[in-house]
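Novice: Those protein sequence lines, which keep their order, are chains A and B. For the first sequence, numbering that gives the first Met the number 0 assigns the number 0 to the initial residue and increments by one for each residue that follows. For the second sequence, numbering that gives the first Met the number 0 assigns the number 0 to the initial residue and increments by one for each residue that follows.
Hints listed in this document are in silico derivations from the structure and should not be mistaken for laboratory results. Since we're looking at a predicted model, the values are computed, not measured. It is possible that some hints are incorrect.
[As the list claims (entries may be wrong)] Which bits of chain A does chain B cover? Going by a derived footprint, with three or more residues having C-beta under 8 Å, they are:
hint, segment
1, 39-45
2, 58-67
[To be verified] Across the chosen pairs, the derived CB separations fall in these ranges:
hint, chain 1, residue 1, chain 2, residue 2, range
3, A, Gly-26, B, Ile-19, 49 to 59 Å
4, B, Gly-31, A, Asp-47, 14 to 24 Å
5, B, Pro-105, A, Gly-12, 47 to 57 Å
From the three backbone atoms N, C-alpha and C, an ideal C-beta is built for every residue, glycine too.
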Amino acid sequence: MKVKALIAVLFIGIILFWAVEDMPAFGDPDAPATQYTGQLYVDAVLPDIGIDNIVTAILASYRGFDTLGEVVVIFTAGISVALLLRRGGRL
Amino acid sequence: MMENVVIRTVSRLAVPFIQIFALYVIVHGASGAGGGFQGGVVFAASFILMIIAFGTANVRRRIDNRGIMWLSVIGITIYAGIGFLALLMAGNFLEYAAIEAVLGIPHLHGILIDLVEAGIGIAVMAAMVSIIYDISGNGEESS
Chain A
0 MKVKALIAVL
10 FIGIILFWAV
20 EDMPAFGDPD
30 APATQYTGQL
40 YVDAVLPDIG
50 IDNIVTAILA
60 SYRGFDTLGE
70 VVVIFTAGIS
80 VALLLRRGGR
90 L
Chain B
0 MMENVVIRTV
10 SRLAVPFIQI
20 FALYVIVHGA
30 SGAGGGFQGG
40 VVFAASFILM
50 IIAFGTANVR
60 RRIDNRGIMW
70 LSVIGITIYA
80 GIGFLALLMA
90 GNFLEYAAIE
100 AVLGIPHLHG
110 ILIDLVEAGI
120 GIAVMAAMVS
130 IIYDISGNGE
140 ESS
């Protein structure tokens, strides 16, 4: 069983290392990940919103509803831990 | 742990600087690296350091379970309230540009993003500290 697992791990590892060859270089401006919407946001953030931090602009303004959901998720985690572990007392 | 004077002195020195740095990270969210999530977690880390150094009961005396839950709710209310404010100003939910257009204040968009980040920071800090209270305490001293 261990030999089978080792063979599977080696097989998948070789495939992954093989796939690394096709990835773009680190910080390549022509990489596919930066081609699609990246330049769009870089150009649009300053006239649209007027703040310097593009990440915060996307996080809080373009994707504001999503971020509200994330905060509610963290709040729900706190509530859940309180309900599970807190003995007695009120919330 | 209470008798270790080195830990108590060092954390008494370090906690204000950690909290100042956390507030800096939250406020700096719109113009540089930073944001509400990161700043809130750093602020909660200062509370964790206080709990490690001074014990849970001492920290609970400053802010108890009810207070921390209220802070958590207040943080989310700030965020959602700004969203509903945009709704009130004839925009979509969380459409800050509508508030800026109605009130006519320049750069209000960035200020509202800062307020939203502050709300996120308060909510994340309160949730983290609440979890730490529940995990570190033995459950009997809940108030």
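Novice: Tell me the hint numbers this structure goes against, listed in increasing order.
Specialist: 1, 3
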